[in-house]
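4 protein chains.
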Amino acid sequence: MTVYSSLFSDPEAAEFLSDRALVQAMLDVEVALAEAQADVGLIPRDAVEAIRTAASIEHIDLVVLAHEAAAAGNLAIPLVRQLTERVRHVRPASSDYVHLGATSQDVIDTALVLQLKAVVPLILGNAKRAADACARLAERYRTTPMAGRTWLQQATPITVGVKAAGWLAALERGSLAVRERSETALVLQFGGASGTLAALGSHAQPIAAALGKLLGIPVPAMPWHSHRDSLLRLACAVAVLVGTLGKIGKDIALLAQTEVGEVVEANASDRGRSSSMPHKHNPVGPAIALAASLRVPALLATLLSSMPQEHERGLGGWQAEWETLPELIRLASASARSMADTLGRLHIDEERIAANLDVTRGLVMAEAIVVRLTPALGRSTARAIVDAACERATTDRTSLADALQADRRVVGTLSPDEIRETLNPENYLGQAAAFVDAALADWRRRRTEHA
Amino acid sequence: MTVYSSLFSDPEAAEFLSDRALVQAMLDVEVALAEAQADVGLIPRDAVEAIRTAASIEHIDLVVLAHEAAAAGNLAIPLVRQLTERVRHVRPASSDYVHLGATSQDVIDTALVLQLKAVVPLILGNAKRAADACARLAERYRTTPMAGRTWLQQATPITVGVKAAGWLAALERGSLAVRERSETALVLQFGGASGTLAALGSHAQPIAAALGKLLGIPVPAMPWHSHRDSLLRLACAVAVLVGTLGKIGKDIALLAQTEVGEVVEANASDRGRSSSMPHKHNPVGPAIALAASLRVPALLATLLSSMPQEHERGLGGWQAEWETLPELIRLASASARSMADTLGRLHIDEERIAANLDVTRGLVMAEAIVVRLTPALGRSTARAIVDAACERATTDRTSLADALQADRRVVGTLSPDEIRETLNPENYLGQAAAFVDAALADWRRRRTEHA
Amino acid sequence: MTVYSSLFSDPEAAEFLSDRALVQAMLDVEVALAEAQADVGLIPRDAVEAIRTAASIEHIDLVVLAHEAAAAGNLAIPLVRQLTERVRHVRPASSDYVHLGATSQDVIDTALVLQLKAVVPLILGNAKRAADACARLAERYRTTPMAGRTWLQQATPITVGVKAAGWLAALERGSLAVRERSETALVLQFGGASGTLAALGSHAQPIAAALGKLLGIPVPAMPWHSHRDSLLRLACAVAVLVGTLGKIGKDIALLAQTEVGEVVEANASDRGRSSSMPHKHNPVGPAIALAASLRVPALLATLLSSMPQEHERGLGGWQAEWETLPELIRLASASARSMADTLGRLHIDEERIAANLDVTRGLVMAEAIVVRLTPALGRSTARAIVDAACERATTDRTSLADALQADRRVVGTLSPDEIRETLNPENYLGQAAAFVDAALADWRRRRTEHA
Amino acid sequence: MTVYSSLFSDPEAAEFLSDRALVQAMLDVEVALAEAQADVGLIPRDAVEAIRTAASIEHIDLVVLAHEAAAAGNLAIPLVRQLTERVRHVRPASSDYVHLGATSQDVIDTALVLQLKAVVPLILGNAKRAADACARLAERYRTTPMAGRTWLQQATPITVGVKAAGWLAALERGSLAVRERSETALVLQFGGASGTLAALGSHAQPIAAALGKLLGIPVPAMPWHSHRDSLLRLACAVAVLVGTLGKIGKDIALLAQTEVGEVVEANASDRGRSSSMPHKHNPVGPAIALAASLRVPALLATLLSSMPQEHERGLGGWQAEWETLPELIRLASASARSMADTLGRLHIDEERIAANLDVTRGLVMAEAIVVRLTPALGRSTARAIVDAACERATTDRTSLADALQADRRVVGTLSPDEIRETLNPENYLGQAAAFVDAALADWRRRRTEHA
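Heads up: the sequence lines are chains H, Y, V and D, in that order. Residue numbers for the first sequence follow the working numbering, so the first one is 532 and each next one is one higher. Residue numbers for the second sequence follow the working numbering, so the first one is 532 and each next one is one higher. Residue numbers for the third sequence follow the working numbering, so the first one is 532 and each next one is one higher. Residue numbers for the fourth sequence follow the working numbering, so the first one is 532 and each next one is one higher.
Extracted from the complex, chain H is given alone in its bound form (with noise of 0.2 Å):
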């Protein structure tokens, strides 16, 4: 546990990846290695009971095993000896069957699976949470008209619905890749000194299967001690979730603005208030989720510059892994949850997006009219017409519809009240209604299938 471990990690997610749960794992591979190798034959069976009982994080020395390991340059290496001196206490005999045929990186790298394992189902089940709280926005608000915005400026008329079903269909997308990519990732790493199992002679095959067996996980066709691009995938695959988490994140932070009031997180309480400032309200989710966004792409590419590892093992690049990507789950972790939390209590204030569509008084329709006139006046001059209409009312403050009243082409064109009629947000919006409603039979698709 650090200080930062609620702030920058889901509170579960880091336990499984805390440094007892590392070393645990890592002990539970040498457990089923032992196992696997007394069901092949090659080691006695009472072996594996003594080591079974001496490899429990209990009996572990951490800082002894932090110490030792700066001289040994891995985890493994101090680790297997308190192992095995424990095991000798439990079992003189049975001391000489731990670790055997085993590298460093086998058991290392097997660890980081079985935690991964155990972490990606979190971070996937609150992506589901954050998706469900964004399609029942999208269902709710469908049709609700906000300001589109692009470059931070408001520009044509959408829906708050259909906001929130772009936000669901990334989601979405981004948690399938995670599936997929961790359902490849997450296998046996099992070679030896160099990859061949050649300390474990003809029995090396079988005892592969038995291991994989034992600890819930596939084996790959071969070792990948130095070949890191499935983890990667993996990896990659989580950072685009987190990047769009932050993209969720950003546009909540933005519409949350003191000046834009459109969203605020309901019954937050104490959530983000201030020290000094009686009145101030922290969009604390969209800043965990923001500021995940700005740190896990860097951690992706320590990981990925780091994938030229050297012939059978690397140097440098295999170990700038070790904390770097349970950083980058840890921060993936934060992400999702904070943005379920924040999707899930997110208050839609309809008066402000109401009003703010309204705060340009009519230019955000500018485009509507152009539409609108071209049938009749061209492209061109409708164009011309609706730019100094726009010009007009900006300088002179006044709405865009007066402004487009001063005009004896658009009155020669349209009734006031076809001006007011296609002045409308409400009869601007496209396939707004169409695109939420794809987003939400896509969602039900998946929810039915997973159910």
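Derived from the structure by calculation, the hints contain no laboratory data. Be aware that a few hints might be false.
[Claimed, not checked] One-sided excerpt, in silico: chain H residues whose CB lies under 10 Å from chain V: (1) R622; (2) L683; (3) H734; (4) A784; (5) T789; (6) G803; (7) H810; (8) A829; (9) G847; (10) L894; (11) C921; (12) E922; (13) T925.
[Said to hold, decoys possible] Chain Y regions said to be covered by chain V (calculated; three or more residues, Cβ under 8 Å): (14) 547-561; (15) 590-601; (16) 824-837; (17) 842-854.
[Unchecked claim] Simulated restraints on C-beta separations: (18) D:L707 x H:K744: 54 to 62 Å; (19) D:A969 x Y:D927: 38 to 46 Å; (20) D:R928 x H:G747: 54 to 62 Å; (21) V:E589 x D:R667: 52 to 60 Å; (22) Y:A797 x H:H620: 41 to 49 Å; (23) V:A919 x D:E616: 38 to 46 Å.
Yeah, the Cβ is synthetic: ideal placement off N, Cα and C, and Gly gets one too.
Chain H is already provided as a structure; the job is to place chains Y, V and D on it using the hints.
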């Protein structure tokens, strides 16, 4: 074309990623848009012909385009201006039908998709060439012993074949992922001003369908203006492939060191010739692959950290993609081509490989002798004996065989012949050949599938 | 020139970073090398003239150069080949004196230094323009109240001037660092094949001295072929300046939002005009600065992760710099110019600023009222009272003033006038003016020093 | 403490960067704030004593702190809450004086500055140790010939000393930059809610001055809440130093390869011992330095891309710094300590160095013979002759000397003795010794200055 176009890109790929190709792709989108709109009866058929005639790169002044882009903030606005002017020249009445109902981003993103559709297969083609070369090496040197190296130290023997099989399998996995991700990412972008296609009224979806068909790309469920996740997943897949190519490049560069000399690019003639040193041939292919593997992770990080794009169109993030994604793709094309070339002409120096395996005078076989002594002496004793023998062999600059012969316990357990046999790398190759066979079987299956 | 040359670079800087400028700089190094060698009597004087005549970009076939670079692995080898051929054409006897005793890296690195020497002042010039514009804003709006915003929520008042003073001070610090770092980084590279200048025997150091003098750059204590740290420190300084420009760009983009509207680029005419929406002006300058601030960090990361260059010349790392460093510099030039332009024409809308400061109906003054009540009531009581008043004001959609008036303890402590006065932002600006004055004093001192 | 605390940090540095140290530094800021406020008469003196008594890490529940931080969005809010409660316990009347007029960021940033002030000297101390070790190597092996290597190929001879001198000079430049940048970056953060110190009225600047004095850090001209440039310049300097350490680490790892064997860590005993291979010692120090050089660039990129922090306090960017900057510093401390240790015990194997210089049978001297033949035969002829001789020597597996003897033009120009003398690396070391002397002179000057 730049002076680095052959060094840091596959020249053919560079062609598809050039300024001219980009602008022509944008023009192609405008033509297809007009055609799709004529198909549904929104604009007159003769406007399509006028636009098609005008929409040639030959009519575009790229200097003016570049200049105006700075004020416009993107390429589409000044391009549409030039195109519209040209159409006006060809057929005045048609000029009102250019870029109808579309937004700049529709044209820019879809043009990018068209470029990627052309370039990605070139990368895959070179990755296939590289993989095939690895397969030939794996097959030919399936059981040729070679020093396995971990942390840049000789560890235990592997085979040339299993090293090549590792490269092969990673390239195959990487290519498959690029293919999968390009299928989901390379889709139409079409949403109009804020992504609702409101300006096209009820024609919107039929036009989108026609446009996708004309351009030969699928139409997604909704526009993805500020949701870049699918594109990012493609970029990720390409980046991971670049990492794998970098790993292979680094292995080859290390094997080609003057003091190692196990591989050399055959028939390289002037390739990598030094400007001042007559004897020197620089490993240019690996250098390109390694340079790419240093640059691509950071470019991907830029793309990922650009993902949180504001509302319906980003400010900064989208713009950051414009040069970055093509650069990432260009570097990937250079890396794939370079390594395909290098692997295709790689000469394996079996003599040096054998000599290097002997450079430690048997120390590389230390684990093998521990394994051999274990049944008789127990593992800890065996390890202690061999530790001491290694120490002695190093201090006395003698062979491990001699050092072992000096130990009574060894001599009491193994005959001189048994020691010699145990120290023969050919007898300690473990599953190397089996792993080669598995990788080759998988490779053959894929080649048959895609034949 | 590329289609993005005006958007993602200062066009003048782009000129100095172009292919032609690069190749000409390399040729200039070759000419100076010959001249330095003639100065010390190593080669005949007429060879210098022949080389000078030949060494013009006009005589170089860039297409051939690019093509040959792919096989050579760098630009210098094929360039020296073309130059030598040309010299042979001009004066056959002189061709043996081209590139004498130098290595490719000497020419490539020194040419880069010459390019940077030309471009860095352009960046600094634009940074100065930007800073001067900030100084004018700081001076003019020194005490104009504006909402201070933290976490994108209104916090307490600041002044327009103090915001501009913060920008100013950061730009000044950033420019100073770039100037300092360019002085130490922009030095001669001259070491020959492995950095010992062995091929030049006893002439080596006099030639180095002459070469530095001819090119107008200092000669370092020893060559820096594989030690890139000084160059990196310059790149870092530039990257930090880009970060500051990005921060200013983001502030401006946020202030320019439709719903905030506190600033706008005046006289922008067609700048940032939308292709489909008549009313819209996109903040192009901030977008460029933000895009640069998303791209430059990753480019710097590439340069940093390329630092561990092998032995006397790197394989991969050095090559990764070739396009990356100029790209970083180019983006910095674009960012500096864009923000200098944007800041130079920034219009401040005092009315909207005042209106926004009132948008919370006084909540933004909550801290002020706590401070005012504290002496009489104690801080916790004061805070509790104001917390409740804020809550009430929000719920009842009334002003903080009204909510406070409803509290007996407040009314018992402060008169209505005192409440009004306390809630007036102008009375709660703290050290804003003092900070403005400090920043301006520092700015004036620097401008006088450099005048 | 984590299991990686000794591997990826200097343990002493880790202590200063621990959770406890962070929280205690924050508490120290709160105490100093109270004391400064008492100094100017704003709060009663006895409140200072109450706060000082309460403000000990021993009184803080870190689990609760971590938990509450998630809702608060930072550490300061829940810490101030616990501190205030504790003060209330000690002396109820004083609890109103905790954290008066400050904002969370004042405490968090200033605490960071205090931590950095403690840790940076540790990094510099280890960098000095590393540099001193390089100086000893440079001095001792000033003229010991060694193969210079470019592109991982032997090029021309250098000396062990000049390689070490290159390392030395880069370390010295790097340390100087870190020292300079820490002086400008490590300053007080104190601005209150929005950076105007408004809550402190006319006491503001005196309190700031007293606070800086009490904490032993300078007071800057104005607060720097959302301007992170000075901090970034320090991070940059540290990152470049890490790059230099990585370069040295890579050189050593390459020289220590089994097939090269020119250096080895002496007296390393169990350091880097393999878990399965008795003969193997892994270069742990270089691996740490290389891992750091792969991770730090990305962490710096995160910090740089977090620079555009919104208005008066960032949302996402500031938060992204909290774990990232300490991690960067921690890795730098690990890298500096590892390389100081490794360089301090580096054993140079002069025999292997000499043998490797001979491994090409003279090819490494090809340039020397070209230079020697040039005066008599002209450079192109000389080069052509040597090219052919190199070719022949390679094909026939003979020495360059023999191949040259077979050429009539060589024999007509140089006597066998002259050929032998020219091919002796000791006669082709150029300015190696001079460069060593320059680097050592600079190093001695600095050590005297700082003595």
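Hints versus structure:
| no. | hint | verdict |
| --- | --- | --- |
| 1 | R622 | 47 Å, violated |
| 2 | L683 | 5 Å, holds |
| 3 | H734 | 41 Å, violated |
| 4 | A784 | 5 Å, holds |
| 5 | T789 | 4 Å, holds |
| 6 | G803 | 7 Å, holds |
| 7 | H810 | 4 Å, holds |
| 8 | A829 | 7 Å, holds |
| 9 | G847 | 8 Å, holds |
| 10 | L894 | 4 Å, holds |
| 11 | C921 | 4 Å, holds |
| 12 | E922 | 9 Å, holds |
| 13 | T925 | 8 Å, holds |
| 14 | 547-561 | holds (count 3) |
| 15 | 590-601 | holds (count 7) |
| 16 | 824-837 | holds (count 10) |
| 17 | 842-854 | holds (count 7) |
| 18 | D:L707 x H:K744: 54 to 62 Å | 59 Å, holds |
| 19 | D:A969 x Y:D927: 38 to 46 Å | 42 Å, holds |
| 20 | D:R928 x H:G747: 54 to 62 Å | 56 Å, holds |
| 21 | V:E589 x D:R667: 52 to 60 Å | 53 Å, holds |
| 22 | Y:A797 x H:H620: 41 to 49 Å | 59 Å, violated |
| 23 | V:A919 x D:E616: 38 to 46 Å | 21 Å, violated |
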